[in-house]
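**Q** Chain by chain, the residues:
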Amino acid sequence: MCLGIPGKIIELRTTSEHLAVADVGGVRREINIGLVADDDGGLSVGEWVLIHVGFAMAVIDEDEAHRTIEFLRELGSLYDEEIDQLREGEVR
Amino acid sequence: MRFVDEYRDPVAARRALSEIRTLAGERSVKFMEVCGGHTHTIYKHGIEQILPANVELVHGPGCPVCVIPMGRVDDAIAVAETPGVIFTTFGDMMRVPGGDGNLLQAKARGADVRMVYSPLDALAIARDNPERQVVFFAVGFETTAPSTAITVLRARDAGITNFSVFCNHVTIVPPLKAILDSPDLRLDGFIGPGHVSTVVGNRPYRFVPERYGKPLVTAGFEPLDVLSAVVMLLRQLADGRCEVENQYSRVVRDEGNPRALAVLAEVFELRPHFEWRGLGFIAQSALKLRAGLALWDAEDRFDIPGVRVADPKACQCGEVLKGVIKPWECKVFGTACTPETPIGTCMVSSEGACAAYYNYGRLARTPVVLSPSPVGPTPVGAAGSPGPVTSDTAEMAVCRVHLAARSRGDDR
Chain A
-2 MCLGIPGKII
8 ELRTTSEHLA
18 VADVGGVRRE
28 INIGLVADDD
38 GGLSVGEWVL
48 IHVGFAMAVI
58 DEDEAHRTIE
68 FLRELGSLYD
78 EEIDQLREGE
88 VR
Chain B
95 MRFVDEYRDP
105 VAARRALSEI
115 RTLAGERSVK
125 FMEVCGGHTH
135 TIYKHGIEQI
145 LPANVELVHG
155 PGCPVCVIPM
165 GRVDDAIAVA
175 ETPGVIFTTF
185 GDMMRVPGGD
195 GNLLQAKARG
205 ADVRMVYSPL
215 DALAIARDNP
225 ERQVVFFAVG
235 FETTAPSTAI
245 TVLRARDAGI
255 TNFSVFCNHV
265 TIVPPLKAIL
275 DSPDLRLDGF
285 IGPGHVSTVV
295 GNRPYRFVPE
305 RYGKPLVTAG
315 FEPLDVLSAV
325 VMLLRQLADG
335 RCEVENQYSR
345 VVRDEGNPRA
355 LAVLAEVFEL
365 RPHFEWRGLG
375 FIAQSALKLR
385 AGLALWDAED
395 RFDIPGVRVA
405 DPKACQCGEV
415 LKGVIKPWEC
425 KVFGTACTPE
435 TPIGTCMVSS
445 EGACAAYYNY
455 GRLARTPVVL
465 SPSPVGPTPV
475 GAAGSPGPVT
485 SDTAEMAVCR
495 VHLAARSRGD
505 DR
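Protein sequences, first through last, are from chains A and B.
Residue numbers are given in my numbering: position 71 of the first sequence equals residue 68, and the series is strictly consecutive.
Here my numbering = 1-based position in the second sequence + 94.
Heads up, a few of these hints could be off.
Stretch-level coverage of chain A by chain B, calculated; a stretch enters the list once three of its residues show a Cβ under 8 Å from a Cβ in chain B [what the hints assert, rightly or not]:
1) 2 to 11
2) 22 to 34
Ranges of calculated distance between the beta carbons of each label pair, as one might list FRET restraints [said to hold, decoys possible]:
3) E225(B) - D58(A): 45 to 53 Å
4) R250(B) - R10(A): 20 to 28 Å
5) R109(B) - D35(A): 22 to 30 Å
6) D222(B) - G73(A): 43 to 51 Å
7) T176(B) - I7(A): 37 to 45 Å
8) P104(B) - D20(A): 30 to 38 Å
9) F301(B) - R70(A): 43 to 51 Å
10) P104(B) - I7(A): 32 to 40 Å
11) D99(B) - E87(A): 33 to 41 Å
12) E78(A) - V105(B): 42 to 50 Å
13) G73(A) - D103(B): 40 to 48 Å
14) D394(B) - I7(A): 23 to 31 Å
15) E85(A) - T176(B): 18 to 26 Å
16) R10(A) - A377(B): 23 to 31 Å
Computed list of chain A residues with no C-beta within reach of chain B, every gap over 12 Å [claimed, not checked]:
17) H15
18) A53
19) L72
Think of the hints as simulated: they come from the structure by calculation, not from any bench.
In this text the structure is predicted, and so the values were computed from the model without any measurement.
Backbone N, C-alpha and C fix where the C-beta goes; we use that ideal spot for every residue, glycine too.
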């Protein structure tokens, strides 16, 4: 939970609740982007964010996203468990 | 076991190691990291083995699950077992032992305990079950606290009143102060946490150089990031400088995330004091909901026993969290206390130092004699230790680690 997991924004939803859909390790999950985006946007489809417990906390570039994913994968079960938990709330 | 050739940039890693040796010279230095991610990197990549023997890394209280005292787990179980309650928690907390078992056992006894990935999932459960009281077990540093804050505001704005938060959020700065004030440990600097700093920024750490005269370098999670942070700390010491530096500027901004900080200030206030496992009570080190949001505060809504429970005598999580001992120096490490049957929190959470070391470090740990004081018994379960390293070069140490791993067939 203290380690953020990178996700790629694939869809922006209602601005009122700051929701977006991100692809996180192959799982599509609704996340809150209110802490990294303004009401009128500031975040685009295709950008990468660092997600903690369903909330984007920082915008990162793609290269950094891949490096972080690689690091998290090396953690093994820690990463797998997080992806499993994400899958519970998968957007279908 | 990884070694330098497998780092992303082995040339840069070698250069960093060479600079570390030059800068450290004969001087013994001890740096603390306070992030579960760093702990993992250090153990997984054998960074302790490739550093010169006089440059020691110690692990501090960087795992939010690990610092929750047993009494708070008992409080959580008491709430979970209240009739009509749906108790929601991150999976990490399920097996954390209290004085009276853990949440998994409470669930087996019939409590409605549900694992959630996000506090928003807990709020959705509340929305779907208006006749039930839904409680969210909020834990974590500043990485997760803003999420709890937004969820509470969402509950308020949507008029969802059957939702409340059992708040155990802690903040990163007070334990650093407590460690610096502790006579147990002499530190020469800190490797600052990576992702917590995306929220709080680098400014809150300024007291470390200003008041305590120690450097702090915020670092990323790759092995080269950690080595670079060590170089930056040693350069500061060599130059007679003492400041907060940012090795992880590709992610961490000095000002942090202002929106997250604003929502934290809106929703939470500091508790006068909060108990940390191993560190005792630390003033203004944890968050509670502001009085105006008391309706969503589980501590207002339920009878919380609030009994302080002493840690099991055999458990030395406290010393591990303070960096006074290494995981393998704990008497029950790897024997009575394993990830399957944890006694202490550091073995429960996958972010904990004991679990990280159990999973990676013990595979090929080379006992490194770093201090004049006795280091403790040979680590339990540390297979194939090729003997103490005292004065050889880092490359030789790397080579030995590699060979030790290969001799057991776990070289990859």
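**Q** Run through the hints listed earlier and report the numbers of any the structure violates, in increasing order.
**A** The structure conflicts with hints 1, 5, 6, 9, 12, 13, 14, 16, 17, 18 and 19, although it agrees with all the remaining ones.
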